[in-house]
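A.B. asks: Protein chains in written order, with the working numbering: chain A, 310 to 625; chain B, 2 to 326; chain C, 477 to 756.
Bear in mind the hints are in silico, worked out from the structure with no lab data behind them.
Since we're looking at a predicted model, the values are computed, not measured.
Each residue gets a CB set at the ideal place from its N, CA and C atoms; glycine is no exception.
No false leads were slipped in.
Now the stretches of chain A that chain C is said to cover, found in silico as 3 or more residues with beta-carbon under 8 angstroms:
#1 315 to 328
#2 442 to 456
#3 459 to 472
#4 557 to 570
#5 599 to 606
Dumping the calculated DSSO-like pairs for lysine-lysine here, alpha-carbon to alpha-carbon at most 30 angstroms:
#6 Lys84/B to Lys536/A
#7 Lys536/A to Lys127/B
#8 Lys536/A to Lys133/B
#9 Lys84/B to Lys437/A
#10 Lys589/C to Lys616/A
#11 Lys133/B to Lys84/B
#12 Lys312/A to Lys151/B
#13 Lys68/B to Lys536/A
#14 Lys536/A to Lys132/B
#15 Lys437/A to Lys68/B
#16 Lys586/C to Lys380/A
#17 Lys484/C to Lys68/B
#18 Lys616/A to Lys110/B
#19 Lys246/B to Lys200/B
#20 Lys110/B to Lys536/A
#21 Lys84/B to Lys127/B
#22 Lys536/A to Lys93/B
#23 Lys485/C to Lys281/B
#24 Lys316/A to Lys586/C
#25 Lys536/A to Lys131/B
#26 Lys485/C to Lys68/B
Derived Cβ-Cβ restraints for the label pairs, each shown as a range:
#27 Thr501/C to Ser475/A: 37 to 47 angstroms
#28 Lys395/A to Lys127/B: 55 to 65 angstroms
#29 Asp80/B to Leu311/A: 48 to 58 angstroms
#30 Phe511/C to Glu481/A: 54 to 64 angstroms
#31 Phe511/C to Ser370/A: 44 to 54 angstroms
#32 Phe584/C to Ser158/B: 31 to 41 angstroms
#33 Ile498/C to Ile409/A: 36 to 46 angstroms
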Amino acid sequence: MLKFTVKRVLSAIPVLLVILILVFSLMRMIPGNPMYSLQADSNMTEEELIMMQEKYGLNGSIFEQFFRYLKNIVKGDWGTSFFNGKPVFENIFSRMEPTILITVFATLISLLLGVPIGIYAATHHNSKLDYILSSTSMIFTIVPSFCFGVGLLYLFAFKLKWFPLSSYEYIEKGGFWNSIWHIFLPSLAIGLSGMAGYARHTRSQMLDVLNSDYIRTARAKGLSDRKVYYRHALRNVMSFLITMVSGTITVNLGGATVLEKVFNIQGVGLLSYSSLFGKDYPQEQAILIFFAVIFVFTNILLDIVYKLLDPRVQLD
Amino acid sequence: MEEKILSIKDLNLWFDGDYSSPQILKNINFDVYKGETLGIAGESGCGKSVTSLSVLRLLKTPPARIKGEIEFNGQNLLDLPMKEMQGIRGNKIAMIFQEPMTSLNPLFKVGYQLEEVFRLHQGLDKEEAKKKAIEMLDAVRIPLPEQRAKEYPFQLSGGMRQRVMIAMALSCRPELLIADEPTTALDVTIQAQVLDLMKKLQKEFGTAIMFITHDLGVIREVCDRVVIMYCGEIVETAKVEELFKNPSHPYTHGLLSTLPHSGSRERLETIPGMVPPAGKFPSGCVFAPRCKHACDKCIKNKPELYDIGNGHSVRCFLFEDKEVN
Amino acid sequence: MEKISTAKKIRVFIKHNGRIIIGGTLVFLMIMMAFFAPLLTKYDPNGTDIYSRFEGPSQEHFLGTDGSGTDLWSQIVYGARASLLIAFIAQIFTMAIGATLGLVCGFFPKVDKVVMRILEAINSLPTILLIFVLGMVFGSSYFNLILTLVIAGLFGPTRYVRAQVLSLRQKEFVEREVAMGAGTLRIMWMHVLPQCSSYLLVTLGSGLSSKIMSLASMSFLGVGLPSGVPNWGTLISSGQSVLMMYPYLVFYPMLALAITIFGFSMLGDGLRDLFDPTTN
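Bound conformation, chain A alone:
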C-alpha cells in the first residue's frame, strides 16, 4: 500500500510539470503587455517601466522568463501580484475558504442526493418511481449551474429572504454554520446540477452490477435483497463512484468560480477573473496551478481509496 502511494505521488510530478509549462505559456499568449496598462494607469517613465519589468521577471526571452520562474518556485517564491504587491499564494489563501467550501459542499449534495436516488431507481427498475426519479433529476441538467444560481438567488434570497444577500462571511467571523448558510445557495445550484449525473450513473452501474454473475451467486446463497443490494452490489458501485467524484471535482471547482460571480462571493474564482481581465500574470498563474494541484492531489487520494476498496487495482 505504501509502495502504491509513493508510486502514485511520483507519477503526478510530470503531470504537474506539464501543467506549469502549459499555464505559463498560456499566460504569455494573452495579447497585450500587462506593464503597459500599469504604465498608463500610473504615468511611469520608460526607466521605471524597465525596472518594473525586471521586478516582475518580465524581461528577457520567454525561455529565460520560464526558467527564472521555475528557479523561484523551487525557492518557494511564486511571484507577487501586480496589483496589491502581495505574494500570490497569500492572496489565494486569504480567499480560498468560500471556494473550497462551495466545492466540497456541492460535491456532498450531489453525492448524498444522487447516489440514493440512483440506487432506488435501480433496485426498483422500471417502476413508476424509477421513471419519475430519473426524469426529474434530468431537469437539473438542462441549464448550466449558474442559471440555477440566478434562480435560487431570486427565489430564496430576494423573494423569500431565507438566505442572505450579503456576500460571504468567513468562518472566523460568524462560525461554520453561518458560513455554510452564506454558501448554501451556490452550493445547492452546483450540487443539483451534478446530482443528476450521479443518479443516472449510479443507476446504470447498479443495474449492471445487479445483472452480474456474482450477484446471482449471492442470491443463490440465500441472501436477502437488502444484503444483496447494500453489501454485495453497493461495494462494487462504490469503486465506480470514486472515479466519478474525481471527475466532478474540477467541474465543481469551475462551477464555484462562476457561482461566486452570481452571488458576489469574493473567493478565488472572482480573484481569478479579475486577475485575468487585469492581466495579473503571476496571480493568475498561481490560481490555475492551485486548482490543478487540488485536482491532482484529490485524484491521488481517491486512487488510494479506490485501491483500498478494490484490491485488483494496479498502477501501470
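Model the placement of chains B and C on the given structure of chain A, informed by the hints.
C.D. replies: Below, chains B and C without anything else, positioned relative to chain A:
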C-alpha cells in the same frame, strides 16, 4: 422406489417481451430422487439453464412468467414467500454456476464469501463461521486453506474458484445441488478433478445433484439418470446405461454421434441445422426440421412422451407403437 | 403466435423512440428559429429605444424589453443563431480532431506520450476557467471562440478513440493484418473508425449541450463572442443586474437555453439507447 426430493410438474415458462412472449419451457416434468445424480443435457438454448434457475426462483419475474409446480420435499417452491425461499437457497438447495471467473464477488475475500453462508443459515458468529469456512476449503482440497481464505477471487485460478463455489454450495450440506455446467469453462484435467471431487463429496454428504451440461460424455461419467431437452421440451429421459445402450430419440442419436470415440477414426458428425431461437420453436415435433426421419405427421402433430419401459420415455412418433401398458 | 395490434406497436415504438421524437422536434424547432430569425421578429436585436425601456410583455413586445429598450424576443431569437451555429461547428471539430488525435496517439507511442500529457494537464484545470483563459488568449472572434471550445473539449473523444485503438491493436485479427503487411492507415480506416463512429454519434447530443452550456457560461462571464452579437449568456448576465426588478429578463433567455439543452440531451439519450443497447 426411492424418496423423491424434487418434483417438477408441468413447468411452463414464458419471457414477456414488447412484441411477443415466447414460451421457453413447455410442460416440463421430472423428479430428482434422494442422493442420485440427474443429468440434464441439450444444446445451448434448449432451456436447461432456465429450468435450473427457475427451481431456485432466480429468474426475474417479469419478464419471466412461470406456471406449474416445483415441489421440494412436498412443498411448492413457487408458492413460498420470498423470505422462506431465501431460507432454502444455499441451505437446502444450492447451486454452482458455469462461470467461475465471474461468479465470486471480486471485492470480497474468498473466506468472507464462505462465512456468509454459515452466518446466514446456521447463525454462527464470525469466529465459528471462519473456522467452518476454512474447513470447507479444506474439504474441497484447496491447499493452504487459511491463507486462501484471506485472498481475493482474482488471486485464484479458475479451477480453484470453482472449488470455492463448490465449497460454498455444499457448506450447509444441501439436499439438492444444482450444478449448471460447472466444468464447461475449465481445462480438461481440471474438469476431471472437479468432477471427481463432486462425486466424492456427494457420497460423503448424501446430496442429490441436478447436473446440467451439454456434454454427454460428462453425463456418462457422473449421472444416474438423464433428461434430454430440446427447444424447451423434454425429448427423452432414461437411466444413463439405458440411454447409451439404447438411445432412441433422433436428437439423442445426434448428440451421441458428436461425441468422440476413443480409437475411432471416423469423422465426428454434427446435427444438421441450428437450434431455432426462442419464439420460433416448431409447432409439431420440435426436432422435425432437423430430423432425417421426419414425416408429415411430425411437422403437423406434437408427439407425446411415450414410455417404452425400463424408465425410458421418448417424445417421438417412431416409438408411438412401442409404448408399454 | 399472437397478433400484435397496431396500437400496441405504436405504444412500443413511442416507448423506445419517444426521446428521439421529443428531442428531435425541439432541436428542429430551435434550428428553424435560428434560421428564420428575421421572419419571427420585426425588431433589431441590437436596436435601442429609450422610450420603451423595461417594458413588460405587451402586444408590441412579445416578451418585453430590456434596459436599453431592446426587444427581448428578438434578442432570444437571434441569440439562438450564435449558440447553435458555434456549438455545431465546435462539436464537429472537437470530434474530428479528437478522433484523429486519438488514432495518432493509439498508433504512435511517442506522439502519444506528449499529446496525452498535455491533454491531461488541460483536463486538470476547471473547464470553465480554462475556456475563460483561452478566450482571453485568443480574443473574441467566431473562429477563436470555436478554437477555444474545441481545445477544451478534446480530452474526452481523444482518450476514448485512443483506448479503442489500443484495445483493438491487441485483437488477433488486427495483429494478423499487421503480420500480413497491412498499413497502419488501412487498419485505422477499416477497423477503428467504424468502432468509434457509434461512440461519436452517441456523444453528439451531450457534446452539443455541453458546448451550448460552455458558450452561455463564457458569455455570462464576459468573454467569447464579439460584443453586439446577441446571445443567451450575455442576456442572462445583463439581466442579473436588474434581477430584483425585472426577473423576466433572466427567465426567458434561461428558458430558451433550457429548451435547447433539453432537446439535445433527449435526442442524445435516444440515440444512445438506439445505438448502444448495453446501456439500458
